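Throw the hints in and build the complete structure from the sequences for me.
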Amino acid sequence: MDKAIFKVAAGIPQLLADRWWPHVDTSWREFDISTPARQAAWIAQVGHESGGFVFTRELWGPTAAQQRYEGRLDLGNTQPGDGKRFMGRGLIQITGRANYRECGAALGVDLESNPLLLQGDDLAARSAGWFWRWKGLNALADAGDFVGLTRRINGGTNGLADRKLRWERARRALGIQ
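Numbering (this note's numbering), first residue to last: 20 to 196.
In case anyone wonders, no lab produced these hints; they're calculated from the structure.
Source: prediction; values computed, not measured.
Be aware that a few hints might be false.
[Claimed, not checked] With a Cα cut of at most 25 Å, we get these calculated DSS-like pairs of lysine-lysine:
hint, residue 1, residue 2
1, LYS183, LYS26
2, LYS22, LYS183
3, LYS154, LYS183
4, LYS154, LYS103
[Said to hold, decoys possible] Simulated restraints on C-beta separations:
hint, residue 1, residue 2, range
5, GLY194, GLN86, 40 to 48 Å
6, GLN98, ASP161, 36 to 44 Å
7, GLU187, LEU34, 21 to 29 Å
8, ASP93, PRO41, 29 to 37 Å
9, GLY167, ARG38, 27 to 35 Å
All C-beta atoms in this analysis are idealised placements derived from N, C-alpha and C, irrespective of residue type, glycine included.
Take a look at the structure:
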């Protein structure tokens, strides 16, 4: 794949394709997102999670769901303020102190001490690739299990219609029937 195909597959303007392509390409190479099926699924899921490759941090209200991040032991949020401090960041929205710690260790960066680093383009893309591998999403993409992918990323099927539209566009751009 090249930048022109990525632009069409992601349905993004040239400025965003220029911005993201080098980081996406690097992330795919690092985390074996190496086939059209994997790439189409990644583009669709990450495209949804990032609002079309626009956001590298969660929009904070806080909403009722975001308020529930505080004190969530399953996210490793053990200190007051952890909910907001470790809000979703990166193209796929890594959330929670424990996930920042694990992601940072894998990427060789102290994200727990420096959570804002995850908003930078390079780490935003690499963290999405890391998350993809960590959650075993290549296997689901290879099997064409898009609902399973969505559940593993989101915990449910939030935004499924948008994710599917993005997936179909990416599949067409990559020549997948």
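Hints, one by one, checked against the model:
Under the criterion of a C-alpha separation no larger than 25 Å, the hint pairing LYS183 with LYS26 is consistent with the structure, at around 17 Å. For the hint pairing LYS22 with LYS183, the CA-to-CA distance comes to about 22 Å; that is within 25 Å, so the pair holds. With a CA separation close to 20 Å, the supplied pair LYS154 and LYS183 stays within the 25 Å bound. Taken as a hint, the LYS154 and LYS103 pair is honoured in the structure, with Cα atoms around 23 Å apart against an allowance of 25 Å.
The given range of 40 to 48 Å is respected by GLY194 and GLN86, whose C-beta atoms sit roughly 44 Å from each other. At roughly 39 Å, the beta-carbon separation of GLN98 and ASP161 lies within the given 36 to 44 Å, and the hint holds. Between GLU187 and LEU34 the beta carbons are some 24 Å apart, a value that agrees with the proposed interval 21 to 29 Å. At about 34 Å, the beta-carbon gap between ASP93 and PRO41 stays in the expected band of 29 to 37 Å.
Evaluation of the 27 to 35 Å hint for GLY167 and ARG38 yields a pass: the beta carbon distance comes to about 30 Å.
Hint compliance for this structure: every hint is met.
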